[in-house]
Structure formats: structure tokens, C-alpha cells
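Chemist: Taken in sequence, the protein lines are chains A and B.
Just so you know, this note's numbering puts 247 at position 247 of the first sequence, and the rest follows in order with no gaps.
Going from the second sequence to this note's numbering is simple: count from 1 and add 342.
Keep in mind that a hint or two might mislead.
[Unchecked claim] List of simulated lysine-lysine pairs, BS3-like, C-alpha gap at most 27 Å:
id, chain 1, residue 1, chain 2, residue 2
1, B, K761, A, K219
2, B, K752, A, K292
3, A, K243, B, K364
4, A, K341, B, K962
5, B, K851, A, K117
To be clear, the hints were calculated from the coordinates, so they are not data collected in a lab.
Small disclaimer: the values here were computed from a predicted structure and weren't measured.
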Amino acid sequence: MKENIENIKNEISLYLAVNNHISRKDLFDFKMNYLGKTGSISALSKGMRDVPAEQRPEVGKLISDLRTWAEQVFADKEEQIKKAELAARYASERIDVTMPAQFRETGTLHPISLVKKEIIDCFAGMGFEIFEGPEIEKDYYNFQALNIPADHPARDMQDTFFVTEDFLLRSQTSSGQIRVMENKRPPIKVLSPGRVYRSDSDATHSPMFHQMEGLVVDKGITLCDLKGLLDEFARKMFTSETKTRLRPSYFPFTEPSVEVDLSCHNCGGKGCRICKGTGWIEILGAGMVNRKVLENCGVDPDEYTGFAFGMGLERIAMIKYGINDMRYLFENDVRLLKQFKD
Amino acid sequence: MKAPLSWLKDYVDIDISAEELKDKLFSCGFEVEELIYVGAEVEKCVVGKIVSLEKHPDADKLQICKLDCGEYGHEIQIVTGADNVFVGALVPVALDGSSLHGGIKIKKGKLRGVESCGMLCSGEELGINDDWYEGADVNGILIIKEDVPLGTDIRKVVGLDDYIFDIAVTANRPDCQCVYGIAREISALLAKPLTPVELVYKAETFTTSGRVNVSVEAPDLCPRYIAHYVRELKIEKSPQWMRRRLALSGLRSINNVVDITNFVLLELGQPMHAFDLSKISQNKICVRRAADGEKIVTLDEKEFELKENNLVIADGTKPVALAGVMGGLNSGISEETSEVLFESAKFERANIRRTSRKLGQKSDSSSRFEKGVDAYTTGVAINRALNLIDTLGCGKIAGDRFDIEAETVKPTVITTTYKKINDLLGIEVPERTIRAILERLNFNVKTKGGEIIVTAPAYREDIEGYPDLAEEVIRMYGYDHIIGTFMPTAQITNGGLTDKQRAAERVKKILRGQNYNEIITYSFISPKDYQLLRIPEKAEQAIKIVNPIGEDLSIMRTTLAPSMLETLVRNIRRGNSEARLFELASVYIAKSLPLTEMPSEELTLCCGIYGEKENFFTAKGVYESIAEQFGLSFEYVPATVPFLHPGKSALIKFNGKEIGYFGELAPDLAEELAIETNVYLGELDYAKIESALLSPLVFKPLPKFPEVVRDLALIADETVTCSQVEQAIREGSKFVTDVKMFDVYRGAQIGEGKKSMAFKITFTPHEKAFTPEDADGNIKRILRRLSETLGISLR
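Isolated chain B (complex conformation) (with noise of 0.2 Å):
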């Protein structure tokens, strides 16, 4: 929202700077964006008169003119080319050392051997147009035609002397998206009157509904529809001050209907419109839903097929408006339009932001109606507008309207006390200050017993209750007077996290200790990440975004690897020797397609390394370290999972079910990625074992005897897995607690197709001390077991 201050002065005295009023606003909840300066560009330039011409000696276009600028100078010399000056005309000078629209910088310097000390400047030199002030457009210097003092700066001249307050208007505050709507605040906040808005015009004996028959269909899209008549009139140009008023906000000039329709916009926030009622059929405007596919072709001539849940304004045959949104092309003024039926109303927001959004069509008028629009400033901007029109004395004004309402909105009122405005608070405003402040922003307050009845102004729809009392109060009172206290009235209750939560922490522990980095990457990826997967039909049972930023960005994960993988590869590519990285994080899993219900969210653990001291078992490791820190045992077995090397990667097990995977990444991937290190990834479906790492801690006694260990060097075929054989050594023996295999060995002596394995071995008896023979007994008793079950024999 942009508020010229000379705008706003027109209704509020405004006795502080632009810079202390920018932080008035701030504190009472409008941020100013940017505070600028208009005139900010042009520097050094003044008003002179031209005391005398001659011709340039050595140019035939080129004049030399000596300037009286007063205080500057009164025979500052200038060499210029423009036709139009003559002795005596006060003109913009640009002197040494001055600058202009774009940045443009004036030096002294020689023209052609005359020396020159400065420019006289034209009206788009100086940034400014017809509409900031007459005779801007014309092609040469612009001449002053107003008597001021020769060495005025040009800004205060022609209308560069003003600030643009850029507000953020928060959006339960429509009423403020307008200059007078922040002058209303500025009044407030400075305990100044507010300068009301001239609302009288003369009405004639002739009427709107002798002239037009007006109505509405769809009451509930449209609550409040104003129309009013007015004929004889005259197309010109609008007066200088409101053409001004509107270029300072950005707007051209068009013509002085069109102009007013803009200006009550900018100045109240309301979107009018004009039709011209020649152009309407049958003398019949009527709000209605639009009929399925039923056309309009709109002012900027764009061509839009309707549906049902569009609002029009139609005429006796056809759409003439797109309502909120814009004018039809068939019913715009022209230059020879005579008589207009001016429309105030009142549309539903919603409705105006789901055809806007739907047939991609926007207008200052439609993201106004979007924010919201009140009922009673509707009435008050029909008011306004004729006012100009009578103002301006470009027509006559009928003197009845139409206003179909709904029902007439009331104004709310809100029963309460100061007490629960404070207790809200929790400080104690006085009563009068909060009276005070409640009057100064236009609410009525009354008191009645120990109650008081509070009356929110008409255009304040964002007020519903006593905590919207509260935050005006604070607001204006200040939020410098709200004193940090630290909850007396609350009952004490116990924080901290879940044991689920706990547990998930605990295994962050545990992979920090194991020298892992955790990575958060996004929860979206790509369909292209499945097929890099070789894992393409996975992609299908994914959440899909339907609005997503890109095709990269449009599907919910159910794994973490790809992103997983892309993250080492970023790694890799620029040169980082080695990582180790893990990301706890959810994957998405539908229940059916497309949702119907909530999705499961699973935890899931992604682990991935790389580098030179890595390799398949150190990537195994950081599995064993979970399973060894909750007291778990996990169990691998050889799998096959599409993106990694079928000899070397493993399915994790836990309690004969599958929880996970890893392995090395397959090599042909490796080359298509053009990554030369070997990476292993995998990951553990972190949902399947949480409830095993709630299981509570208990000491387990000591043993009782001295534990034996020994090592045994088997020879089994090449076949022979290591789990096969710890499986075997256990069952051989009741008192083993313990198998670890320490040493592979391939070599002549062992023979073709069959390696050596160590194994040390760790025997807890449980009702006395092993004696040596003890202990070979059980020995005995594996071997038995490893002959039978596994073929294999001690080496």
C-alpha cells in the first residue's frame, strides 16, 4: 500500500517528520517498507529566470542564456539547444554539480568553446509528466508558469518534494489498504482530528431507475450493489491536483470519469466502476452467475468462457462485466460516452479470489476485492465519487440510486469489561487511557454497570471480540509497556522428550560415535531418482505434490537413499576425501493412491560412506554398533537390491524379520554417476526396531567362574559363511557366549575351493569352574558339530 504524505496531510495535520512517522507506524503495527523520497533523484536543481539569449558563435542551434537563480547566482551562463526558452521565462535550471532523473549528472564544461555552467532541463529530465505538472510533455525546457522565488528548489515546484510511505498492511486490515484508511491510523496515533471526506453533490430531479433497471441474483456472492446515474457529461482531462495525486501512486491519467474511479480506489479503497450506459442492452444491469460457457471479452480485450461460479454484471443479453475483476470491453468509456451508471459493490471475497485465480486474470480492483471490502465504505466511496463528479462539474447526477443490500450489516458490538482486557494483557492499562484509545480509533465506548459496551467503527470487520480490543489498546498504548513475567498462574508440568523421541536421540548418539555426520536433505524427489535406482515401479506407489516446484521436487520419498546418494556424490565432486553421513528422517507411505487417509510417516536411518579406509565391514559396522548398543543381534544374509553389487550387499535381519539393507553401490552406477570411490549405502527401517530400544535397562550379574577362551583354525569349503559356522560353534556348546572370527586364510596349503577360518571362542560356565578338560570336551563337541553339520575340520 502506497500513501503520498501531502495526500495524507489532507486529512491529518501530520506535525513530525517523514522518518518519525515511519516509525510511529511500525510500532502500531504498519511496517513501512520503504520510505521514499520522490524527488529524491534530483539534486541542485532550481528555478531561474532567463535574463538574456544570444546566439552561440560557432552553432546555429545552440543558444547561450544568463540565468538569474537568486541566491546561485544572477548571471549563471548556459548553453542550450532547446527553441522554446525566451527572456524572461523561469525555467528548471540543473547546476554544477547537480543531478537528474536516471542518475544524470551535471559538470560545468564547454559547449563548442562557450563555457556552460549547468542545464536547463525538460520535464522528463526532471522524471515528471503532464501529470505532475503542466507543460511537463512539451518537447524542450519546461517553462514555470506559476511567480516563485528564483532559486526555489524545482522539487517543491513540481511536485518532487513528497514522500511515498510503502506500507505492509497486515491482512485483517483491508480497511487500511487506502490513503484515508492510514490517515485514520495517523490521526489516531497522533491524537489529531481526521479531516473527513467531502462527500456532497448536487443531485438533480431526474433519476437512475427511470433510466436503468438494476438487480441482483446472487446475493450471497454479491451483498451490497450501489448504482447511481449520471448524464451530460464532459470527457476531458482530470485537474491538475488529482492527476498529480494519482501519478504519485503509479497511475496514468486516463480521463476524468476513469480518473475519479481510480482516485476513490486509492483514496478509500474501494474498486468502482463505470459502464457506459449507451452500450447497455434492454436499460437492464443485472449480478448474476454467469451461464456455462457463456463469453466476455475484457477492457485489456482478453477472451474468457465462463462457468457457473463466475460472478458477471450483465445487461439485458450479456456479460458487460467481469464483476471485481474487470470491465467488459463492450460497455468501457470512450471519449464519446455521455451518460455512465457509476457502481459501488460490495463481492464476496472469496468468490472474486477463485475466479481471478482460476481464469488467471488480475486487477487492482479484484486483489482489492480479494483483501476484503466493506459494506459501509461501499456507500461511502458512491458518495465520494459524485462528489468529484460535481466537483469537477463534468456531469449531472441523478437523484436516486439503487442499493440492494442483503441485510444491512451492523456494526459489531462487543460487551465486556477492562478487566479482561487487561487480564489478557496481563498489565494494568488505566481505564481511561483504554477508553481513550478505543475513541481516538473511531469505537464507540459506553458503560453500563461494571460492563462496557464497545462499538467497533462500520469499516472495522476484522473486529469480533474483546482480544481485538485488547491489541488495539496495546497496540496504540505500547508494546514497551508489556513486562516479561514468567507464568504465575500455571500449573507446573513435567517436559522432555518422548522415550521414542529419547531413543531416536540415543541412536544419533551412537552413529556420531561411529564418526557420522547427519545431513537433512529434502523430503521431495524426483521420479528420475527412481529410475537412477533402477527402482522406476517404486515411483508409482509414491505421494505425488501437485503443485510442485518442478518435476525434481514433486514426489514424497518412501526412501532415503536417493537423496542419500546424491549427497555423497555432491561430496565427492568437489573433492572432500572422505565422509561418513547419516539422515534420520521420515519416508511417506500411502495407504492407497490417491489419499484418502492419513499416510504412514516411517523413521527412517540412512547411512552412506565413502573413502579410503572404507569398505564393505566398516560400512557394516555402524549396524553392529546399534545392534550392540541396545543389546539387539542382527542377523545379514545376501541380497539383491538393484543399485548395488550383488557380492556385496546384505539384507539386515532382526527376530527373522527384514529391517534394512546396504551394500556397496553397484559399479556400472558408480560410472554412470563418474564417480571413481566406492560407496556404500544402506538403510534401516528405523520404525521395525524402535519398540526394541525402549526395552528398560538391567544389569545382568556377573559371571560367576573365570570365562575360557579359545581359538580354533577350521578349514571349510569356500561356500561355508561365517554365520553358518558362529551358528554352529553356539549350538555345539550350551557355555558358549561368545564367537568371533578373527582371520581368513586362502592359500596352497588349504587347497582349491576351501579357506581357513580363526574363530576365538568364549566359554561362560554356569555351575563351576571349567577345568582344562572341561574345556576340551566342548571344543570336542563343536568339531563334532562342525564335521557334521558344515564339513569342516580343524586345520
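Looking at chain A on its own, in the form it has when it is part of the complex (with noise of 0.2 Å):
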């Protein structure tokens, strides 16, 4: 018995000593030869029997030991070969992470659409709802009703298509006012974007082109709330630091009317080649909505006041991405597209 159990050990010692780079399935169907319910360590305890009573305890030892030893020597060989195992299966799926991801890339929205989603964005939270009036326009709400009557000279400011002699391309979002207007009561925060159209064409000046006009009509309604609109606008479409000034204009359709300035983001103001050394970058025309606009929407002037504002797209996108040539945006390079990730 001893010697069997002498030369089992002898076995599995030079078996595993011998075979290095076995399986882990071979070294199972080795390890189940001698562990295995019919395996000779297995055989051993049966043959307990046979042995004489005294020597039971001292034999019983043994096997055990003898268990105690295989079990341990098997886990250790396979714990041993995993290693390699995986050793080997990293050396062998090593890859160049290096190389391009694969992905889906996402599309992109046009610099005037991103532009106006932000001055929309900002807007929106203040209250203002979004109105989108019609392009092709009768002259009355483009321009007649905005205290601009045939012939008068303001038309010179902007030169008009004409689609018959009521029908024109809107040259102003001013006419969304109107039509605002006309619709509701105040009080009123309105913003309407959209295309609007004049006769000129050159590096600073398309046929085409997009305006954002505002519009707010309620009780008490002063210069001061239109400024302090305009300063919050400022700074959330361009910086903290930036600053509005107004400066004395003409529409037909506000009084006072003003010209708004920002102090240029490029120098802070201390005057560079984009705000031409002046500090301030024209953006925008606003003012307090003209009485006589607002009684021909038929809003009382002496229970309701109210400003606007009209700003031009391109602009503020040429401004805010220092785009330098407008004709760009409408030429839809792919590659210019695509910096524009929102």
C-alpha cells in the first residue's frame, strides 16, 4: 500500500514535471485518472478494506495526505497553465489601438440656423415666443403700416423686389410686427426670424439674407428695458465683459429709434482692425415702438408702449465666428458646414 501510494505521487510528479505546456481539457482527463470517482487515489480509500486494523489510521493518513498533496499540485499546474493561456492570447490579439475609431459622425446645422437657435435660446427663457410671418408680403405690412407710406424716402433705405404692385419680398422681419400685432393683445414679447430680401449684392450685402426682429408691448414699457434686454443679449451671445451702447437713429416705424453698438469682442474696445479701430461693432437697430404703428394694429398709445429691435443674421454670425466674407454662407462648402457643430 505504501509503495502504491509512494509510486502514485512518482506518477503525477513526473507527469506534470515532464508535460510543460499540457491543456487544461488533458490535464483534467490526467487529474481525473487519479482523482476521479474511479481514479486510483479514489481506488486507494476503497482499498482501506483490505488493510489490517492497526495500520488503518497510519494508511488512512497517507491517502490523505496524498489527496490533500494531488489536489494542491493540479490547481497549482492549472492556475499555471491560465496564465500562460492568457499570457499567450493577449500576446496573440494585441491590436494597434492607434488606428481610426470607427463611428458615426453627426451632421451639423448652417452658422445662420446656429446663430438663431442661440439668440432664440436666450430669448425664449425671457419670454418671448417665436413668430415666423410670411416672405412673400403685401406692401401694407411691410411697409405702409410701419409708418412708411408710398414714396416716402425711407423706401430708398432698401431697395425692394416687387412681385406686382402689392406683392413684395419682405425686406424687414419689421412686418412680423404687424402681423403680431394684429393678432394679440399685449402684453407682447415676440421674436421673428426669417429671410428677408433687398436688391444688393456684394462682399457685405446678399439678395438674401435673415433678420431677427423683437418685438415687446406692454404697460410702463421704457428706453432703459429696451437697453437692459439688449446688455443681457450681449453677454450671453458674446461675453460677460460685453457692453451695448445706443447712439441716436431713424426708422420710420420707432421714436426714439437707435443704432446699438457692442463693445468689440476682439479688443475689448480698445479699437482693432474688426471694429476699425472705433472699439464698437454695429449690430443692430431698435427702438420705441412709433405711436402710429401702434394704432394701426389697433393697441391704444396712451395705455401701451413697447420697443423693437431688428438685427441682421449674417451679422452676428460673421461677427461671432469671425466669417469675413458673407458670400461664404451661402456658397455651402462642406468643409466650412461642418466646423459648425452645435
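Mind docking these for me? Both chains are given alone in their own frames, and the hints should help you get the complex.
Modeler: In C-alpha cells form, the structure reads like this:
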């Protein structure tokens, strides 16, 4: 018996010593030859019957030690094989992590849409609704109701495309003011974006461009409120240091009328190439809604006051993104478009 | 509007620099677009006295001068070719390193071996003529007549030391389209008195009415007409000071009478006219509408045929002036003119504008009338013109005049309160300050109870109500006093996009998710674009612009496809290897032509792609992604679109209605455009699906029982479409919730005219879980259906 035990031990030791690169399956099969139900170590236990009673404790312990020893060496070997296998796998599966990723790119909004969206986000939070009026408009809405009668010199300020005597391509989103006030009583806070058209074409003018009109009508609205709103807008749209400056101007549909300049985002107001050395960039026209315009829309000018402002989206996009030629905006070169990630 | 500083100083004591004045004007609403220093070109050119002259040893025509230029040197040697110089003469000396008119630079050098340290200048070299300085037109060196200190900057002597303010005057301030108007603003700005224009003249006892009869037959187009007779005229050169003023303003001096009319226009903004009375027939002047077909030849010798809405000044037989635009050639001033009728009138601006536009005839006078002339100034101007006649002593002035006014224009009176003005501004401008500002601007302010009664100056026809007063106050008080507030009195409103606007934004987001880049293109296209796409008849239905920039941008598009195609082609030609583009914009559909009612502007989605990885089905993907995101189901049927590949184009249908198309650009069209890449484009009539995009999101419970997925490989005739098979599969079992073809195969084993199609079918049990037998049973029913309706068998 003792000899048997010694033999088994030697067999196992020899096998494991020789078979260094054995697979886990072969190791398992070999292990079962000894530790399986019908394995030789199990057989030894069964052979205990034939061992004289006085030797049983000693032999029993030897068998038990053998089993413990065998389980340990097999476990050790298994662990060793696992590690080797994994190492081999890692080695064979190594990849070049610097190779390109596979993913679907995301498209972009046109820069004009992007600024439009930003402006809308800015004003929507301040309670402005969005109204989009028609582009082919009646003379009445584009001019007459805005206090620009036929043959008024202010019509020379914008060369208009006509479709018939009465219909034209709107030359300003201000036409939206009238349509809004005709259909809604104060309080009114509306933003009106859209395409507008003027017969002008060069590096700084496009026959089609985009404007954004804002209108507020309520009780007790003042010029200071206009300034406060535009200050907020300038800070959100550009930088928190951006300042606004009002200066007198003229629009037939506002009185007083102002031109609004922003402190130059590039030089912070010191004067540079972008602001032509003035430190200021002209960005929008605005003013207190003319009493006649309110009257034209059936709003009592003694009860309500309001302000309106209008800006060109191309100009804002060009200033904000540093685009130096308006024509780029309508060429739609995909290399330009892809830069405007939202 | 150009205002010379020296002229402005006639009326206001301007004690600040030109730059400072420019900034002040800007802050009160008059942007100086350009501040021009008149003598900018002429530098280092001073007055010198010729102390000696001797002949050049080696050149007959040259003389060697020695000049005393005061502090610049007492014996400066200069060689000159001019022969009008003499010892003792004062002349302009361009010193070494100086520059002259036209950018000429003068440097020390040798002329035929003799050193010359500069140049003696002619008027032309200084950029001036006789109008600036008498003698400047002389062929030779300008000889200075006054006794000026040697070394004086020549610009100070000849009138070049001056600034011109080129001012952008807003359309509401026609009263500032003249030097005196700007001076009025400056006097208010600087709080300095304004020197009035000289208006006094000596009248004789003879009368205008005794010489000519003046009438106005069209008072609606001519609210005020003043005519004054002047005789015993001496037509001659105007004095230097007047000619220099005209020259500064860019006008050439003609003769005293013409110059006076131009001077008054520049000074007061009132166009004037002078008729040679000897050429007026029947001693009659009448302001009337032209007879249809009546003709006139204007001073510039152009002939016009007139219509009834053109206003003319006529004598007893013929028009002698196109009112407000230009005088007639038949009544103009000449050297022989000895008696004139001066006209100062207010013509209705809209009519002048229409006439000028219709006839294509413009003048300083017409553009001035278009901006608006006030009736008050009309009266001032005639007196000024007569004052100048008197001052120049060039005529005898009648003792009366015709002054025909439709109605006497009364100055605007506004009754308001200081509070109203301040309430609009949102700040508290002290009452005293408001009053002072208004008074400085020549408004009359009276207090009555709690109100103020403000009378606007007669020339301020733009003033209508208290907001105008508020503007006057704040532009003078300073906009920097306006401090931002945040609508403390306003009610809360709920802002944001409407559902429809939000849906459109969502569509754009989906498209971006599919790697599409948004483009924006012009709304107007060319009729040629329709021809290119082989749909010329569609151009007929489009809305046309009557005054387009050119034919290329002349019609409002009814389809976005041409603009998309153009953009794709541009990108291809620029070597961009791939692009996925979309535009969501309106097309313009007329209900009738010509337009009598508002057309409908329908939002349309146009998608266009090209590139190595693109094909018909990647193009189809964008429409399916929209359907998938909004839970809609689109159908696709083969289509015939004139500009697409007939075998690779489809109509898109939704709820049985056609909502769009897409496909591959027809290969012959691609060839025409010289592009070798396959291009796919399509349009979706967004308006037709918009309402379906607005349905609210509702949760659908998860299936109670596990879904069962089976694959089927089928043999079908080549003509059978995928969608037919899908439909039959769905009809074959009510448990089918999804069908997707994942493979198609053609080959010898399948047979000629046949194809093998593999489908993945998803069953969702309703009442209880599917057993394998349940699934088999459903598959069996589906196969039966496929076989019966489409002759399809299992592979």
C-alpha cells in the first residue's frame, strides 16, 4: 500500500514535470485518472478494507495526505496553465489602438441656423414667443403699416423686390410686428426670425439674408428696458464683458430710434481691425415703437408703449465666428459647414 | 451732406477741434462718415519770396531762383521752367521732402547740373483753380497777391486749410441737409449762439406783378410757390468767397446768378431756380400738371415726353421747367440775361420722386426735394437769394413778390408733460434740463398747469408727438444716461417655440444624427434651373420678381431641388469627396397668377448626397430615420421623375398620399453637369407630414410573452418586390410585428428570372407564449399566403 502511494506520487510528479505545455483539458483528464470517482487515489481509499485494522489510521492518513497533495499540485498546475494561456492570448490579440475609430459622424446646422437657435434660446427664456411671418408680403405689412407710406424717402433705405404692385419680398422682418399685433393683445413679447430680401449684392450684402425682429408691447415699457434686454442679450451671445451703446438713429416705425453697438469682442473696446479702430461694432437697430404703428394695429398708444429691435443674422454669425466674407455663408461648402458643430 | 468747417464757423463759434466736433455730432445722431482735411495732399509747401533770378548756364528755358522762405531758409535755390516769375514775387514753394496734389513727392535734386532744393508750384499742382484762389488757373507759377509772412503754410493762404464733414443725415432730418442746418445742430450741441443768415435786401419800387403773372394750378403738388422779379442784372463772376465755398462743396462756379441759386441750396437746403424772363412768353408763369405727351428739353439738352402726373412750370405756351427736377433749356440763364424771375418753391416730395424715377432724370434739386423741403425755409431762401443779389450789387430787386401758399403751414404744437417724456425714456431728466435742451433746439416751451406746450421750429416738419421730443432730449442729454432695466412693469409671458417649430427642430436633429449638414440657399432661382431639370413647365407656375437682380435670381422657387443640385455640384467640383446635405425651407406656391392673394409658403425638406459609401439605400435611410423617429410608416413605389434615373427613383407615400420623391440623378444629366460621382437627391413635402409629427408620445406596454424570431429564405420571381413580400408576410399572420429583408441572392441554383430573398420575421404573441408548434403553424400560413398571392416558394 505504502509503495502504491509512493508510486502514484511519483507518477503524478513526473507527468507534471514533463508535460509543461499541457492543455487544461488534458490536465483535467489526467487528474481524473487519480482524483476522479474511479481514479487510482479513490481506489486506494476503497482498498482500505483490506488494510489491517491497526495500520488503518496510518495508511488512512497517508492516503489523505496524498489526496491533499495531489489536489494542490493539480490546482497549481492549472493556475500556471491558465496564466500561460491568457498570456498567449493577450500576445496574439494585441491590436494597434491608434488605428482609426469607427463611428457615425454627426451633421451640423448652418451657421445662420446656429446663431438663430442661440438667439431664440436666449430670448425664449425671457418670455419671448417665436413668430414666423410670410416672406412674400403685402406692401401694407412691409411698409405702410410701419409708417412708411408710398414714395416715402425711407423706402430708399432698402431696395425692394416686387412681385406685383401690392406684393413684394419682405425687406425686413419688421412686417412681423404688424401681423403679431393684429392677432394678439398686449402683453406681447415676440421674436420674429426669417429670410428677407433686398436688391443688393456684394461682399457685405446678399440679395437674400436673415433678420431677427424683436417686439415688446406692454404697460410702462421704457427705453431703459430696451437697453437692459439688449445688455443681457449681448452678454449671453458674446461674452459676459460685452457692453452695448445706444446712439440716435432713424427708423420710421420707432421713435426714438437708436442704433445699438456692441463693445468689440476682439479687442474689448480698445480698437482693432475688426471694429475699425472704434472699439464698437454696429449690430442692430431698435427703438420705441412709433405711436402710429401701435394705432395702425389697434393698440392704444396712451395705454401701452413698447420697443422693437431688428438684427441681421449674417452679421452676427460673421462677427461671432470671424467669417470675413458673407458669400461664404451661401456657398455651402461642406468643409465650412462641418465646422459648425452644435 | 458735405459741410465745410470754415463755412460752419460763419454761424457758430466752434472752439473745439474737428475731431472733437465729429465725436459730438456722432453722439447726437449725425454720423460723420468721413472727416476730410482738404489740404491733406499738400505738405511742406510754404510761401517764399523770390530774392534773385538768373539764367541757367546750360538751359535756355530754365531759371535759377533764390527764395526767402522765412524760417525754412533765406536763400533756398530752386530751378524753375516757368517764365511768369519775377524778383519780389511771393510764390508757393514745395520744399525738399514735400508732397503735392495727386501724390507727387518733391525731393532735392540737380537740374542740368544745378542743385534745386524743391519746386515752385502752379495752382494745379496744389489741386486748386481760380475758384479757390484768383490766379490759380494761370499757366505758370501761382503768384500770391496778399502780403503774407514768408514761410506761411500755403494751405492757409489758398483755402486748403479746412475740413469737410461728410455727414450721414437720417431721412427724418431733411432740415439738416444744408450747412446752416448742421450749424443749428452744432449751436445746440455746444450751447453757443447761432448767427442768423443775412436776409435783408434793398427793394425798388417796381413790382413783380407788373412784369409777370404767376399762378399755381396744382396746389396739391406745389404747397408753396414764391416768385420774385430782379432786373438790370449784371451777369459776371461771383466773388472769391462764394466761389471758394462752392468749390469746397464740389461745385464749379458758373456766374453770379447761377452761383447764388447753388449757394442758397448748399446753405439753406432750398433748391432755387432763375428763369430768364425775356424768354418767357405771354409774361405768364403757371405751375401745372403736364399735358399728356407734352415735351420739354432740360438744361442738359435731354428731351422728355411728359405725362399728366409730371408737374411743370409753364409760360403762356410751353413748359419752361420740369418742376423741382431741372429747368428748361428754353429759359436758362445766359451771358445776355438781364432780368430774371427767382423761384423758391416747395414741391410735394412723392411726386418729385416719382417723376425723377419715371423719367430717369436726377439733379441736386430733385434729390433735395425728394428728401423734403419745408415751407418755412422756402420763404427764408428767397430772401437770402435777394440779399446776395443786393450784397453783390448785381441787380435791382422788385418791391413785391408772388407767394402762393395752398394753406399757411403752422408750426407743430405738442401739449404734453415732462413725466410723459421721462416715462418713455425710463429715466428722470430734470425738467429744467428738458426745457433747456428744447430751447437750444429752437423749440418754444410754455408751461400751463401741469402741462407743457411745446412749439416746434417751423423747419422741423418731422416733429409729431411727445416721443419726438423725448428723442430730442435724450440725444442731446446723452444716451449714456440710459441705464438698463429689466421690464419691471411688464407681465410674465410664456416664451418658446410652438409645437410646429419644435417638430421642425426635431427633424433637423434627426437629420444631423444621420450626418447630414444643413445648407441655406437663395429662395429665388433661374428659369434655366427648371430647364436643366427638364421641368420647364413648372417655371410657368412660379412667382416672378418684376425687378430681379438678374435672370438667375428671378423666380421664387417651387422646388428646392435645383439649389441642392447646384450645391452638390459645387462641392464635387471643389474636390470635396463626399457630402450629405439637407435644406429645410419654404417653396412658394401661387394660388393664382399674377398674385391676388397671399401665396402659400410650404416648408419642404430637400436631401442630397454623394460619395463612395452612398447608394440608393443610404439615400433612402434619411426618410426612414424620420419615419422611425416619429413612429410613422412610409411606402416607396417606383417613380418617374424627369431628372432622376428611372430605375433608381421612388415616390414616398404616407397614408396613401404622395409626400415626396428621391433617387439617383439621371446619368445623362450628370454627364451634362460633367460630374462623375453618383448623386442622390430627393424632396419631402414637409407640410404634408407636419401634423403627424405633432402626435404626443405615449408609452406602449412591453410584450407580455417572449417574441419569437424566424428566418425564411424564399424563391421569388424577379418582378416581385420586397414590399409585396413584406405585405404578404404581415397578411399571413396577425402575430407578425416586424419583417426585415436581410439578403437577396441571384445565381444558377436559383434559376433564370428568379431571386432568393431572406427575411427575418418577428412574432409577438398576444394571449400566451408561443410553443415551437405555434411558430411553425404561423410560418406555414405565411408560406401559403406567399405562394398563393406571389407564387413564392421556400428555398
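Chemist: Taking the hints in turn, state whether each one holds.
Modeler: Status of each hint after checking the structure:
A threshold of 27 Å between alpha carbons decides the hint, and for K761 (chain B) with K219 (chain A) the separation of about 15 Å falls inside it, so the pair holds. With a C-alpha separation of about 21 Å, the suggested pair K752 (chain B) and K292 (chain A) falls inside the 27 Å cut-off, and the hint holds. Of the pairs offered as hints, the one joining K243 (chain A) and K364 (chain B) holds, with about 22 Å between alpha carbons and a cut-off of 27 Å not exceeded. Simply put, K341 (chain A) and K962 (chain B) have alpha-carbon atoms about 24 Å apart, close enough for the 27 Å limit, and the pair holds.
For the hint linking K851 (chain B) to K117 (chain A), the alpha-carbon distance of about 12 Å falls within 27 Å, and the restraint holds.
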